[in-house]
Structures are given as structure tokens and as C-alpha cells.
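Number of protein chains: 2
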Amino acid sequence: MSEPRVIKTDPYNAETSSDQFATTVTPTAAHYVRSNFDLPVLDRDGYRLTIGGDVQHEQHLDLHTLSQLPAFEARVTMECAGNDRLGMRPIPAGEPWASGAVATATWGGVRLADVLARVQPLDTAREVIVTGADHGPRDDALTPGVVSFARGMPLEVATHPDTMLALTMNGEPLSVAHGAPVRLVVPGWYGMANVKWVVGLTLSRERFVGYFQQQRYVYDEGGMIRPVTRMRVKSMITAPVEGETVSAGSITVRGWAWSGDGGITRVELAVGGGDAWQDATLGTPDGPHAWTPWQATCVVDHPGRLVLRSRATDSSGATQPDVSPWNRLGYGNNAVRPVMMHVSASPPGAAND
Amino acid sequence: MSEPRVIKTDPYNAETSSDQFATTVTPTAAHYVRSNFDLPVLDRDGYRLTIGGDVQHEQHLDLHTLSQLPAFEARVTMECAGNDRLGMRPIPAGEPWASGAVATATWGGVRLADVLARVQPLDTAREVIVTGADHGPRDDALTPGVVSFARGMPLEVATHPDTMLALTMNGEPLSVAHGAPVRLVVPGWYGMANVKWVVGLTLSRERFVGYFQQQRYVYDEGGMIRPVTRMRVKSMITAPVEGETVSAGSITVRGWAWSGDGGITRVELAVGGGDAWQDATLGTPDGPHAWTPWQATCVVDHPGRLVLRSRATDSSGATQPDVSPWNRLGYGNNAVRPVMMHVSASPPGAAND
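In order, the protein sequence lines correspond to chains A and B.
With the first sequence counted from 1, adding 4 to any position gets you our numbering.
With the second sequence counted from 1, adding 4 to any position gets you our numbering.
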């Protein structure tokens with residue numbers, strides 16, 4: 005199996021390789037990894053999840069107690085908010101993600117709502133601040149120094165029946181890179197919401213104003229600031245694999261499409277440049293939060309370079325744009341992305357086969 | 005030696021391979037080829053260059069007569085107007101050129117001014133229409149049917165002392181792909197002006213309105229039409245070669261820069277995304293029409309993905325933009341282009357060497 009494509013070793017960031025997108029569920033070892041700091045290694049026996057703030061009963065839950073709650077499982081397509089940053093012009097600062105910071109996994113664990121019910125949030129609580137064990141220095145923080153990765157989430161998102169604390173990934177306990185022993189999974193949201201190495205939940209009456217809430221993971225479009233939340237509608241071509249050589253003739257193009265804003269209602273394929281798009285056939289996604297498979301057939305007569313593009317539309321009516329709005333930190337680039345392949349001459353006698 | 009990258013076999017179009025840019029003069033076999041029709045194969049003995057129109061003396065020159073004119077030679081960087089079309093969003097229709105439709109050759113032949121002097125243009129002549137032997141059907145022509153490749157050129161461009169009829173390329177007779185036996189070379193202009201397989205020169209008092217003058221090789225920006233003429237300022241990174249793996253530490257980045265609007269006055273290099281540019285050191289171009297070499301050194305500490313960008317400025321004050329103005333036919337894209345490399349960990353002990 006192909007190794008993930010390492011984008012940076014320290015901290016560890018890696019993309020899913022282009023040849024690892026053939027299946028709905030991405031092999032665990034190939035699933036993209038985004039980390040902001042050194043990976044924290046937590047002791048399973050000593051692990052405690054501290055739940056406090058605006059609650060009736062502060063609690064410190066161990067893994068055994070957590071795992072006694074009703075089991076929940078979800079197949080979730082997750083994309084880094086910075087995926088395809090390299091496709092933006094000019095290229096914003098930040099991790100140089102091409103197009104592989106997306107993958108799908110089956111997460112097993114418990115509903116966050118069931119966890120929160122144990123502590124009885126006060127009526128004043130409006131947000132849940134989720135804190136990971138990962139931390140490190142950030143000189144550009146409003147209060148420069150060591151910051152932890154932490155994110156605030158509206159209570160209604162936290163208590164949504166599909167929001168979970170995951171204990172397993174594809175049937176195995178979480179690996180360190182994927183947030184062992186406990187990570188948050190918020191289906192439909194960009195990766196930053198899916199906090200890894202979760203050690204704290206704080207119920208709060210105030211909007212969270214931490215570094216990763218207000219200085220990162222915001223769309224900064226010329227000073228107009230909006231939070232990064234749900235995944236914008238997007239699609240990818242997975243077969244032929246980018247750079248592959250195919251024989252002239254009829255070829256079947258396959259891929260995935262996903263959106264955090266609704267189901268996929270349409271995928272189109274363009275062969276070459278220009279504005280000629282054909283409709284692809286949609287398959288059935290493997291669960292409400294997994295990407296939708298699609299395929300289309302086209303005839304490619306001429307040997308040489310082949311450029312393919314796909315374009316998805318979701319049930320909110322949103323369609324992938326040609327150019328995504330530029331923003332200073334380089335998030336949410338869901339623009340149509342061309343993929344290059346090569347066409348070789350048909351094999352001898354192929355026309356007669 | 006690497007083969008050229010074939011973009012299309014019929015008609016034959018090929019890019020210069022990314023590993024063939026190490027030298028000022030591109031190896032002939034690697035020089036990009038752009039053709040609009042089947043390559044015409046002209047008989048050298050039967051060849052005649054017909055020169056007519058607004059002239060005192062219509063002439064039909066054979067190769068021997070042409071070659072008796074004073075010899076002239078020029079080293080010329082030539083770029084297809086459609087180079088980097090794949091970098092535009094949305095991708096316009098047209099040949100799917102990435103970044104290899106540029107190269108440099110030493111052209112030998114005679115000055116067009118000396119050729120024209122033999123026919124004594126009338127005072128009414130304002131343009132020279134240059135016709136190639138290549139031709140084919142174009143259903144979208146204003147008069148649909150078979151059209152020849154032909155371009156009009158202002159008389160002052162035609163009689164410029166550096167405008168030539170080339171008979172040799174890098175010391176050898178022209179190959180069929182490069183316009184044998186005679187091609188026009190107009191230093192500083194995009195490739196379309198450098199008509200191949202030249203069989204006719206027509207002195208004209210009227211502006212030429214042929215297919216390749218008015219329906220192709222024009223910037224069509226939302227209906228505002230301007231002719232494509234000189235090469236816009238541009239640069240490329242040639243070492244490390246795109247996709248290459250380099251060791252962490254100090255690396256030297258090399259490339260070329262060129263412009264049809266003046267000499268190169270500055271090249272900058274950016275490592276990664278964001279807006280941090282460092283000045284590169286310029287070398288001396290190998291003649292007034294050849295690209296300018298540049299190099300810069302940067303230190304790359306972290307193993308992983310490396311993104312480099314270069315940006316050139318010419319003596320007219322023009323600088324490569326982040327995004328080039330989109331135009332319907334996809335010409336003149338001189339936007340800054342990111343190049344991806346990989347950084348491996350330093351070899352053991354390298355720090356002590």
C-alpha cells in the first residue's frame with residue numbers, strides 16, 4: 005500500500021495518496037493527518053476527560069466509563085479546511101496542502117450528547133469548548149505563549165445526535181496520529197472541528213475566543229472575518245488516477261463528491277478546457293455523512309494529454325466555482341480542479357475486439 | 005535525452021520536457037512544437053518563396069537565392085501564446101499546454117529586410133502578410149472552409165533588423181516540425197508570429213483580417229479584442245526540476261526569465277506560500293533575445309513538501325501577476341506559477357561535513 009504523502013514531518017502532516025481513493029472508506033494508514041503541534045501520547049489508563057464549566061456536576065470520566073455509554077458509529081468524509089490551498093492564487097501562507105487532505109473513515113464511539121447529559125449543563129451554557137492535549141508556542145497569539153488546540157462549538161451542534169466522541173477508527177482503537185484515545189467527530193464540518201486527543205469539555209456562556217477559533221480557521225477576506233464551519237461542496241476524480249496513462253477510446257471516469265451543506269444532487273464532467281460539461285451518474289453514498297460516488301464515460305480519440313474536471317452541486321443549490329474566494333489564511337478552496345492524464349494510442353486491433 | 009512531452013499527435017504538438025531546460029539553447033529535439041495543421045513536407049529543390057502584392061517586382065525566390073543574402077543569426081527565446089493555458093481558471097478551450105511551450109534556439113538565415121529590399125515595396129505597403137504552407141479546414145472561420153496559416157505584420161516589424169527568415173536551427177537545416185525549409189523568426193513575439201513553412205510574403209496596404217489574425221491569437225476579454233503580440237514578462241524555475249527530491253539544508257534554485265517588452269531587471273523567489281520574496285541574482289543573457297539566467301539560494305529546514313515560486317520584472321516595469329487576466333482563448337498567461345519539490349531529511353552527518 006502507498007504511504008501517505010508527508011507534507012511536513014514536524015509536526016506530522018500528511019495527505020492521502022492519490023491511489024488510495026478507490027474505496028469509500030480510506031485505509032486507516034492512508035487517511036490524511038493534520039496536526040498543529042507535536043503529537044501527544046496519552047496513557048490510556050490514566051486518561052480522564054474533564055467536563056466542567058456551566059454544569060451541575062463536574063466530572064472526570066475514564067475510558068471505561070465513556071465506553072459504557074450507548075455505542076454510536078458513523079462513516080464520515082472529513083476534509084482539512086486548508087485542502088487545496090496550493091490551488092489558490094496567490095498561495096496563502098500555511099501548510100502546503102494539495103488535494104489529498106480529505107478521506108473517509110468509520111468512527112465508533114459515543115454520542116457527545118450522551119456524555120453531556122451526565123454533567124447536566126446549566127441553562128446558561130451556550131457553547132462547548134473542546135480542548136485537545138496538543139499544545140505549543142504561538143508567537144502571533146493575542147497573548148503570545150503556549151496555546152492548546154481548542155475549539156468552541158454551539159451547544160446545538162454539540163448535542164446533535166451525529167456529533168460523537170470517537171474511540172475507534174475503522175474498527176481499531178484510535179492511533180496517536182488520529183487522536184488517541186478520544187477525538188471529537190462533527191460530521192459535515194471541516195477537519196479543525198474534529199478535535200483530537202480530547203481532554204477537556206467546558207460548557208460556557210461566552211463565545212470562545214481562543215487562538216484556533218479567532219486567529220485561525222477563519223475566512224479573512226480583506227479584513228472581513230467569518231468562521232470556517234461546514235465543508236463546501238466539492239468533488240474529486242479518483243480514476244483514472246492523476247498522471248495515469250489510459251488507452252484511447254471509451255474511458256470511465258470515477259470519483260467522489262461531498263458537502264457539509266446537503267446531499268450531492270449533481271456531478272458534471274468536462275473533458276479538456278472550455279465550457280462543455282456532461283452529467284455524471286451518481287451512486288448511493290455509504291451513509292448520510294460519507295461522500296457520494298459518481299462516474300461518467302467519455303470517448304477520448306486523440307493520444308496526448310488529457311485534462312478532466314469534475315463539478316459538484318449539493319441540495320442547498322451550491323456548485324463548485326471556477327475560482328474560490330481568496331482568503332488570507334487559505335481555507336475552503338472548493339474550486340473545480342483540473343486533473344491531467346495521458347492518452348496512449350489504442351492497442352493494435354483494439355477497434356476489432 | 006528525454007523525449008518532448010506530446011500534447012497531441014494529430015496535429016503534432018509537444019512541450020519541452022522539464023529536464024531539458026538546463027542550457028540556454030534547448031536541444032533541437034526537445035524544443036517545443038506547436039502546429040495547427042498536418043505538418044507540410046516541402047521539397048527543397050522545388051521550393052519557391054513568392055513575394056508579391058504592393059511591390060515593384062514580384063519575385064519567386066529559391067533556397068539558393070535566399071541563402072546568398074547576408075547571413076544573420078539570433079539566439080531567440082520563443083514561447084507559445086497558449087503556454088500555461090492549463091493554469092487559467094476556468095481553463096479555456098484550446099491545446100492543453102502546461103508550462104513547457106517555451107524554448108530557446110539559435111536561428112540562422114537572412115534578414116527579412118534584405119529579402120524585402122529585393123522586391124522594392126511600394127509606398128502604399130503597410131503590412132507584410134506571411135503565409136505558411138500549412139492549411140486545413142476551419143468550420144468556425146468567417147468564411148468556413150480551408151484556411152492557411154497566415155499572419156499580418158506591420159512593415160516596421162518586418163523590416164526590423166532582427167526579424168529574419170530562418171534556414172537553420174542550432175546549426176542544422178530546419179526540421180519539418182520546425183518549419184523546413186524556411187520559417188519566420190520575430191524575436192520578442194509570441195510563437196504565432198514565427199510563421200513556419202513560409203511560402204508567401206504579400207505586401208499589403210490593408211490590415212490583414214485572416215483567421216489566425218482575427219479569430220485566433222487575440223485577447224478576448226469579455227468581448228474586448230486586442231491582438232496578441234509580444235511575450236509578456238515571465239520566469240520559470242528549472243532547478244531543482246519539478247517533482248525532484250532534494251536534501252534539507254541550503255539549496256540553489258535556478259531558472260530563466262524573459263520578456264518581449266524589455267530586458268529582465270529583477271527576479272524574486274518565494275519559498276512556500278505567503279508574501280515573503282527574496283531577490284535572485286541575475287546572470288547575463290546569451291544575446292539580446294535569449295532568456296536571462298537567474299539563481300537564488302534558500303535554506304530549507306523541514307523535510308516534506310517544498311513549494312517554490314519565481315517572479316520576474318522587466319525594464320518596462322511590468323511584473324508577473326498572481327493571476328493573469330482571463331481571456332476566452334487562453335493566451336498570455338504569465339502569472340506566477342508554483343512548482344512543487346520534495347525535501348528529504350539531511351543525509352546523516354551532513355551537518356558536520
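One thing to keep in mind: the hints can contain errors.
Chain copies aren't distinguished; within one or between two, either way the pair holds.
Straight-line distance between alpha carbons at most 20 angstroms, and here's what the computed EDC-like set of lysine to aspartate or glutamate pairs gives [unchecked claim]: (1) 12 <-> 127; (2) 12 <-> 305; (3) 12 <-> 118; (4) 12 <-> 176; (5) 12 <-> 283; (6) 12 <-> 42; (7) 12 <-> 210; (8) 12 <-> 160; (9) 12 <-> 248; (10) 12 <-> 58; (11) 12 <-> 66; (12) 12 <-> 272; (13) 12 <-> 225; (14) 12 <-> 62.
Please keep in mind that the hints were generated in silico from the structure rather than gathered at the bench.
Just so you know, these numbers come straight off a predicted model, no measurement behind them.
Results of checking the hints against the structure:
Neither within a single protomer nor between protomers do residue 12 and residue 127 lie at most 20 angstroms apart by alpha-carbon distance, with minima of 44 angstroms and 67 angstroms respectively. In this assembly of identical chains, the alpha carbons of residue 12 and residue 305 lie at most 20 angstroms apart only when taken from different copies (10 angstroms versus 41 angstroms within one copy). Taking the shortest Cα distances, residue 12 and residue 118 never come within 20 angstroms of each other, neither inside one copy (37 angstroms) nor across copies (60 angstroms). Proximity of residue 12 to residue 176 under the C-alpha cut-off of 20 angstroms is found in neither arrangement, the shortest distances being 25 angstroms within a copy and 48 angstroms between copies.
In the homo-oligomer, the alpha carbons of residue 12 and residue 283 never lie at most 20 angstroms apart, since the shortest distance is 38 angstroms inside one protomer and 26 angstroms across protomers. Only within a single protomer do residue 12 and residue 42 lie at most 20 angstroms apart by alpha-carbon distance; the minimum there is 12 angstroms, versus 48 angstroms between protomers. When the C-alpha separation of residue 12 and residue 210 is checked against a cutoff of 20 angstroms, the pair qualifies neither within a copy, at 35 angstroms, nor between copies, at 61 angstroms. For the identical chains of this complex, residue 12 and residue 160 are neighbours neither inside a copy (35 angstroms) nor across copies (55 angstroms), given an alpha-carbon limit of 20 angstroms.
For the identical chains of this complex, residue 12 and residue 248 are inter-copy neighbours only, at 16 angstroms across copies versus 26 angstroms inside a copy, given an alpha-carbon limit of 20 angstroms. Taking the shortest Cα distances, residue 12 and residue 58 never come within 20 angstroms of each other, neither inside one copy (39 angstroms) nor across copies (66 angstroms). Taking the closest pair of Cα atoms, residue 12 and residue 66 never come within 20 angstroms of each other, the shortest separation being 33 angstroms inside a single copy and 63 angstroms across copies. Proximity of residue 12 and residue 272 under a CA criterion of 20 angstroms is satisfied in neither setting, with 34 angstroms inside one chain copy and 25 angstroms between copies.
Taking identical chains as interchangeable, the C-alpha atoms of residue 12 and residue 225 are never at most 20 angstroms apart, the minima being 27 angstroms within one chain and 40 angstroms between chains. Neither within a single protomer nor between protomers do residue 12 and residue 62 lie at most 20 angstroms apart by alpha-carbon distance, with minima of 38 angstroms and 68 angstroms respectively.
In this structure, the earlier hints numbered 1, 3, 4, 5, 7, 8, 10, 11, 12, 13 and 14 are contradicted, and the remaining ones agree with it.
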